[in-house]
Each structure stands twice: as structure tokens, then as C-alpha cells.
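Visitor: Spelled out from the first residue to the last, the chains are:
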Amino acid sequence: MNNPEEETVQLTHGAGGRAMGELLEKHVLNTFTRKSAGEIGLDQLDDGATIDLPGEGTLVLTTDSHVVKPLFFPGGDIGKLAVCGTVNDLAVMGADPIALTSSLIVEEGFPIKKLDRVMASMEETSAESGIPIITGDTKVLEKGDMDGLAINTAGIGLADKPISDAGMNPGDKVILTGTIGDHGMALMQYREGLSFKTELKSDIAPLNSLLRSASESGDITAMKDPTRGGIAAALNEMAQKSNLGLTIKEELVSVREAVSGIAELIGISPYEVANEGKAIITARAETAREIVEGLRGHPLGRNARIIGEINQERPGKVIMETEIGGRRFLEAPLGDPVPRIC
Amino acid sequence: MKFKFKDRERADELVQLINRRVPDRRIKIVHVCGTHEVAITENGLRSLLPDRIDIREGPGCPVCVTPTSDLDAALKLAERGAIITAFGDMMNVPGTAKSLNELKSEGADVRLVYSVSEGAKIAENTEKQVVFLGVGFETTTPMTAAILKDDPPENFSILPSNKLIPPAMKSLLELPDNDIDGFIAPGHVSTIIGVRPYESLAEEYGVPIVVGGFEPLDILYALALIMNQISNSDPKAENGYNRAVDYEGNPKSKKLIKEVFKETDATWRGIGTIPNSGLTLNRNYEEWNALNRFEVEPEEGIEEPPNCLCPQVITARATPGECELFKEKCTPSSPYGPCMVGEEAMCNIWYRYGGRPKL
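First to last, the protein sequences are chains A and B. In terms of my numbering, the first sequence is residues 1 to 342. In terms of my numbering, the second sequence is residues 1001 to 1359.
Hints in this document: simulated from the structure, not taken from any laboratory. Computed from a prediction, not measured in an experiment: that's the story for all the values here. Please note that a few of the clues may not be correct.
[Unchecked claim] No more than 25 Å apart at the CA atoms, straight line, and that leaves these computed lysine-lysine pairs for BS3-like:
#1 A/317 <-> B/1329
#2 B/1076 <-> A/317
#3 B/1258 <-> B/1149
#4 B/1028 <-> B/1149
#5 B/1098 <-> B/1076
#6 A/241 <-> B/1170
#7 B/1329 <-> B/1098
#8 A/26 <-> B/1258
#9 B/1149 <-> B/1262
#10 A/249 <-> B/1262
#11 A/241 <-> A/26
#12 A/69 <-> A/114
#13 B/1329 <-> A/241
#14 B/1327 <-> A/26
#15 B/1236 <-> B/1170
Using the sequences and the hints, build the whole thing.
Guide: So, in C-alpha cells, the structure goes:
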């Protein structure tokens, strides 16, 4: 069915799932030849890259473009997202964020008032996370050449010991820092024009202080923030990269009632939609409990739980034990079912 | 509510009951409903049951069994300037030359709708002819009948491709290499037609047919009833979904269907022509049949041989895992056969929910 001459980029290519992985592999990673400046580089497709600073630790660099629709959503907006997205990518690499950049791409005719709201929100989140925004860029495009506002942020951080998303070992426990699907479903209820509105809000939050307290309380082996494609995509990525198996128990994964309600209504699984204030952490079994206790002591980690463990049963696959006691593979979604979420 | 149907203890009890009754040989159970397959796969029910119970989906995906001839007719109507309205997963099903989506990208006015009433609404707001591609089983047919009875816009018409489940079940039972030990009959369809239409099938072929609901416990319960019938050698039609299905079905819906439609032979993709397995508009409603209105003669479509096991999967003679293209070359974004296109089809569901016979 596919003629390579006529292939075009599809929305699923940007949705964090299998289609995106294929696009990057074939058309980006195969083209670039100089792809690293430290242990973790482009090929690892981690949340960021590392640059070794002998004697000083490791510098972590990350970048993220934000194109959410709607720009203002329950619980946040594109400004908060632009700061959190990059801070969280640094934090899950085990880095203490140092500073951010901010590049605005704005459509001609975009209301200054809205821009002010977005900037105020960036300021507020920068203050909340304690990370300064130290340089930036601004471009304005002709009306119709884009939709409203896009923000790119890059960030640097310093890590004693960078944490990849594939460093786990058999026997490690899998910890989830809270409920799943809040961000994706909060946007979904807006998008789908559902006739009822719930109190559901995005879980968007900067995770640097939460994850610092986690790493202080135990031996973390891998971390990842389950954004696009949800925890289904993130867990599968971790399984594939480590070539280990993950088994999780459905009954231990917390889903808010509003989230499962919307999920059932529109037929999209909460496992497959984005989170913006959650992390998946793997840790040595001996210290996993302490890490969960540490997380629960933080306002953003109150629902933290061990949801499963790492094993060698089916390398590269995620097995889900269902509530009723059955077992199946939890597959990576083809792509996030909701375009433009982060 | 949700947890009531996912009660692990009750599930264990039902599984034990099934274990006690299942004979000591391979037992093949077929259901004919995408929603059943989702519930079975999503909850990992197969892994709870003994290996010798083999559960498969038959022709339970209306999109998948819509023949190329019906799609080709829709494409012809679009070429003549009609607005075509269809359900979402119809859009990628291949016709002889192209799919509705491909036609759309060439400029034809093809619109995705969620119901027949949405199609009628589009007709209200345009001068153009609007055709609704009437795909579906007994569940969606009453809605179409209701719209046609309720004085629809004059520029609205239906391309009838509605199908009936019991004749399809019969056709599976008649396949010589298909040793089916029991059917879980579809809950949704049965709310309309009731349990009685399965009686003659159960009797003639000596096969248990139990109507099942869609929660994991409903399905285990239906399986337990089937095993009960098998161990008692008492095959019959039985209602395992009493809270939603009346033995006689829904008289109002049945009457609506009868008033507007009549039975006809129909072609099922992957199966062939099954006598009296389709519905077309009857004499009183002929004018709403798009084929009459546009004087289009349905032609025998040419099915691109999918080079996959789809025909076997649709007739419950193979599972997706037996097809070497499954997940490797055949995915929802580049499907080979209709079993991967339709969201209610076994290949598509196994792809999304990680279905396997065992894990």
C-alpha cells in the first residue's frame, strides 16, 4: 500500500509511539554521523544527552518543542508546559537543572494579552522549580503559517551520576509516582467537545524536587517521564532499551475516576495518553520501599506505588497482570491518540 | 459498578466451574463480536483458562466483512458528486481500485460520521445528494430504519450493506473444516433479535449457543454455561446476559427493521455469498436506496488477494498469531487485510491489546 515516493509525514510520526520510533530511526539517526559528546547521545533517544566534565560531574542537555492545543487547558497552559517539559527531562536523567532557554515562535495577530498570560505562567513555573530562564529567541510568522504559538525550551543540568531510562536490572521494582492519564484526558475532554465537564485537571508539574528526594532515599537504576504515548509507550521503551521484561499489576496502577470515565466514553486507554507530572522509576528491591516512602512525603508523590518488577521472562516486553488475574502484553501504542498535547 | 464485574474471586469461581466441566479434548469456542474480543484480550481471559479451550472471533467486525462491491458502489456515487458519509473505520477499507480515504484525498466529498442521523443532518444543510454507507449488524439497523421512517431529507439516501449475524454463524458451522464446539452469541445484537433466532441453529448443528455480555465475568459466565451444556450433552440456545437481553429481543426494533428492510443474499468479504444474510430496503422504501436513485448496478468487486490469513481469521479457522505478516508487515497503519483495518477485528484488537493465545 505504501509507495516510498509519495510518503508524507503523518501525525502519528510525532506521537511518541512506534511510528515515531521508525521515522527517527530511518530518517534522522541514519543520516547524522556525529551524535554524541558523552556517554548518552542521540542514538540512545533518551530524555536528554550527557557531556562529561571531568572532575565536575556530568552535564545533561535537553531540548523540547511545545505545541499544545488548546494553549490554555485545565490545570495549565503552554508556558507552564514549556518549563515543566524541559525541567522534567533533566530531572529524570538524574540531573539538577541549572538553567533554561526559551524560544518563541508566534503567529502574526496573536493577542499580546494571551502572550502575557503565557509569559506570566512561565515565570511562575520558573519560580516554583527554582530554575532561571537565561537566554531566548523570538520569531513571528505570517498569519496562517502556523497556529498561534509554539515554544521551544532547552535546558542544562548537572548530574553526579546520570540516570538513563534503561539502567535497570532483573529483580528491580518499578515505581510509578502517581495516577496516570490526567494530562491526556484533561485535554481530551476539551477536544472532544464532551457535553459534560469534569473537575479533571492536567497533572503538569516540575518534578525536580520530587525526584531529588527520591534519589536521596534509595538506589535508583532508571527513570523516565511517561509523556506522549503514556505509560504504555514509556514502559515498552524501557523494556526494549534494556532488553529486560517488565511485569506490572493493573490493580496497582492508580487511575482517577474521571480519567477512567472519559477513557471508557471515548474508547482510549489511560495507559496510552500523556502525563506531565509523573515519573516511572526503577530501583533495587531493597530500597524501593524507602523510595516510595520518600516520594509520598512530597506533595507531588502522594500516590506513589510499586506497580511491578523487572525480570527476564520476556525480554523487551511488558506483561500486564489484569485486575481479574489474566495476563497479556501491554503493547506500545502506535502513537498518542491525541495530537498536540505537549 | 466497574469493579463489580472485575471481581477476582468470582472470576476464580467461574474459572473453576469451567475447569470442572470442560471435556478432556480441544474445545473451540467462537464469538462473533469485536467488543467480546476486546474484553477477552484486554482482560487476558485466555490466560485464565485451560490450554485446550480455544476462543476465536468469527465475522464480528461489520467493517471487515463489507465486500469490495459495496465500496466500489460508494466510490461510483462519490464520483457522480454525492457526499458519502461513513463510519470512521470504513475509510481505510480497500475497494477494488481504492479506499474511501484515497478517494477523499483526490478531492471527493467523503465525511466521517458517528451515526446515520448525522448523515441525515448533513443532507438537511446541503443541496447535494448525501449517501450513508449503511454498514452494520442488527444493532445499528433499527436506527437506520427509524431515520427513513421519519421523513428524511429528499437528497438523503442509503447504500444498504446491513448484515445479519445468525446466517453468518450458520455459514461457519457449515464449513467442513470448522469444528466449533460452542458459540458465545453477541450481547448487543441479541438485545435486538433476542435468543430465539439461535434455537434452530443450536438444534440443527448440535452446538451450544449462549448469549454473553461484555464484562469479563459475563464472558466467563457464558463460557461456564457452554461447558455445562457440553458436559450434559444438551446443546441449546441460552441467555447468559439476562440483565440486558430479553429472550424475545426488542419488539419495537424488530418491527422497525421489518417495516423498512427485507432479507436478501449478501456477500461477506472473506466468506462469500451467504443466503438471506443481508438486508436491503423493501418495496416501500426503495426510493431511499442509493443504488436505485443513481441507477448504479452493483458489480462483482475484485478483492485484492490480501496475501494474509484474513479469510481464515474471519471464519475462526486461524488466529492472528498464525499469520506470518501479523505485526511484522501488517499493522493498523499499513494493513494488508480488513482484519487489521477494522477496530472490531481480531488482528487489530490483538495488535492493540497484546493478544496471544497464551502468556
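Visitor: Take the hints in turn and mark each one as holding or not.
Guide: Hint check:
{"no.": "1", "hint": "A/317 <-> B/1329", "result": "holds (19 Å)"}
{"no.": "2", "hint": "B/1076 <-> A/317", "result": "violated (46 Å)"}
{"no.": "3", "hint": "B/1258 <-> B/1149", "result": "holds (12 Å)"}
{"no.": "4", "hint": "B/1028 <-> B/1149", "result": "violated (42 Å)"}
{"no.": "5", "hint": "B/1098 <-> B/1076", "result": "holds (11 Å)"}
{"no.": "6", "hint": "A/241 <-> B/1170", "result": "violated (48 Å)"}
{"no.": "7", "hint": "B/1329 <-> B/1098", "result": "holds (20 Å)"}
{"no.": "8", "hint": "A/26 <-> B/1258", "result": "violated (56 Å)"}
{"no.": "9", "hint": "B/1149 <-> B/1262", "result": "holds (15 Å)"}
{"no.": "10", "hint": "A/249 <-> B/1262", "result": "violated (50 Å)"}
{"no.": "11", "hint": "A/241 <-> A/26", "result": "holds (17 Å)"}
{"no.": "12", "hint": "A/69 <-> A/114", "result": "holds (14 Å)"}
{"no.": "13", "hint": "B/1329 <-> A/241", "result": "holds (22 Å)"}
{"no.": "14", "hint": "B/1327 <-> A/26", "result": "holds (18 Å)"}
{"no.": "15", "hint": "B/1236 <-> B/1170", "result": "holds (14 Å)"}
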